[in-house]
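**Student:** Residue numbers (my numbering): -1 to 444.
No lab work stands behind these hints, which were simulated from the structure alone. All C-beta atoms in this analysis are idealised placements derived from N, C-alpha and C, irrespective of residue type, glycine included. One should not assume that every hint holds.
Pairs of lysine-lysine, BS3-like flavour, derived with a Cα cap of 30 Å [claimed, not checked]:
(1) Lys275 with Lys249
(2) Lys140 with Lys249
(3) Lys31 with Lys239
(4) Lys172 with Lys31
(5) Lys31 with Lys249
(6) Lys140 with Lys239
(7) Lys239 with Lys249
(8) Lys174 with Lys31
(9) Lys174 with Lys396
Pairwise CB distance ranges (calculated) [unchecked claim]:
(10) Gln233 with Arg32: 22 to 28 Å
(11) Pro23 with Ala48: 47 to 53 Å
(12) Leu59 with Leu427: 40 to 46 Å
(13) Pro236 with Gln52: 35 to 41 Å
(14) Pro23 with Arg175: 22 to 28 Å
(15) Pro236 with Asp60: 53 to 59 Å
(16) Ala41 with Leu101: 42 to 48 Å
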Amino acid sequence: MQLCSSLPRLSGILLLLPVSLNAMPLSLADAEKRLASNPTMQAQQADVDAWQAQQRALNNLDLPQLSITIAGIAYEKDVTFDIPVINQPAELDVFRSGIRSQLNLLWPLYTGGRTDAARQQARARVTEAEAEQRQLQLQQLKRLFDLYFSSQMMQQVVQVRQQALQTLEAHVHKAKRFEQEGLITRLNRMQAEVAHAEARREAVMAQRQLSDVRAALQNLLQLNELGCLSTPLPQPVPLTKPADWFVSQAKRHNPAFQQLLAKDQQLKQQLRIEQGKRLPEVFLVGSYDLNRSATPLTEPDWSIGLGMRYHFTTPINRQASAHVVHSRQHQLAFSHQQADADIQLAVESSYRAVLLHLEQFELLQQDLQLAREHARLQHHAFEQGMATSLDVTDARLKQAAAEVQALQAAFQYSSALAQLTQLSGQPELIASWLPTLMQQQSCPAF
């Protein structure tokens, strides 16, 4: 008989264990380190590496270009010249063949600023890629934060639902005994069973939601198995900074602005390139024949010179190309203006959401104390025959609902605060505002 009565409690304990017994505990800091293994983050890192390699590829644009040309040649030359002594013309038939090898030098000395502009443009493109990577990192951190603490919240919700289920199980047993003793009616007993069935449905639903959240977190972190989470759900605390401070931080640190600035820098350098096409080029050229026996008689063994080149016409209209850049700059200016307004609105909206969820959490704490006391009094009154079964079950379900709402408010506060720090571009500040992020809770031993 005692074993049978312990089965519901044992099933409740097993319901609370969606974790792998072999997996190590995972703190929020450890989870953040695991984000680097996410395929999306790895793909973005590969993009940054590619643009950095592109920048390095342009480092030697203004250095001398040295090349060698090797060719097998054969030629014949008829040479006619006068012999002064005999005052008669003479002819000489020259035939040569062999391997001609020639060193060639081309050193651009002045390109109208296009060389430096190309390097600056490549550097700005790297900056843009790094800002895109930072933007993705902030988004992934926000998603990690939500999944991690949503899992912690649902873990506690499962416990609340299971405790309510166990309480109502005990109440159903008492109701059946009281019915047999004639203390309550059959209707009172059925009310207890209906409330028990509702509590069981809520417990099963909470467990399924917890499993879904943990599966999403495991996929995000690319883990084979997910152990218990050791960083507890933070308790909301009042903000110490005004909304204007977050707006100013966002305008300095939000990666979206850094991307726009990098694009603007690229357009400025592109305009320099287009303008440089209207200027002459100055270069140093030279050549040296390594095998003089194969050098044609009409060509020097070596040469060096300073040259200039100017394009009067080009296949692409230079004026139209410059107009394209100016139009892109106007487009970017409008985009920057819209981004400034959008991010300011998002920061202010997130700030109000933080305040709202903090207020809700504080109010729910008061409601929760009342709900617990009300449930205790109703249970005592039922045992004294002064309350119905419906009164007890209703009070217990309201207590469970209040506990769940308080947990949801705590999670929503943390999520809104994470959104606020993401928009401001400084997610690391959240640890100083939520001290519990630095705390660790022990995992259950089995």
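**Student:** All hints, please: hold or fail.
**Tutor:** Cross-check of the supplied hints:
Taking the CA atoms of lysine 275 and lysine 249, the gap is about 36 Å. The hint is violated against a cut of 30 Å. A C-alpha spacing of about 19 Å is found between lysine 140 and lysine 249, which places the hinted pair at or below 30 Å, so the restraint holds. The straight-line distance between the Cα atoms of lysine 31 and lysine 239 is roughly 28 Å, inside the 30 Å bound, and the hint therefore holds. A C-alpha spacing of about 52 Å is found between lysine 172 and lysine 31, which places the hinted pair above 30 Å, so the restraint is violated.
A threshold of 30 Å between alpha carbons decides the hint, and for lysine 31 with lysine 249 the separation of about 27 Å falls inside it, so the pair holds. For the hint pairing lysine 140 with lysine 239, the CA-to-CA distance comes to about 20 Å; that is within 30 Å, so the pair holds. Taking the CA atoms of lysine 239 and lysine 249, the gap is near 16 Å; set against the 30 Å cutoff, the hint holds. Using a Cα cut-off of 30 Å, the hinted pair lysine 174 and lysine 31 is violated, with the two alpha carbons roughly 54 Å apart.
Under the criterion of a C-alpha separation no larger than 30 Å, the hint pairing lysine 174 with lysine 396 is consistent with the structure, at around 23 Å. The hinted range of 22 to 28 Å is satisfied by glutamine 233 and arginine 32, whose Cβ atoms lie roughly 25 Å apart. A C-beta distance of roughly 37 Å is found between proline 23 and alanine 48, which places it outside the suggested range of 47 to 53 Å. Remark: the range hint 40 to 46 Å for leucine 59 to leucine 427 is upheld by a beta-carbon distance near 42 Å.
Range check, proline 236 to glutamine 52: about 48 Å between beta-carbon atoms, so the 35 to 41 Å window is missed. A hinted range of 22 to 28 Å is violated for the C-beta pair proline 23 and arginine 175, which are about 43 Å apart. Remark: the range hint 53 to 59 Å for proline 236 to aspartate 60 is upheld by a beta-carbon distance near 58 Å. Judged by the Cβ atoms, the range 42 to 48 Å given for alanine 41 and leucine 101 holds: they are separated by roughly 44 Å.
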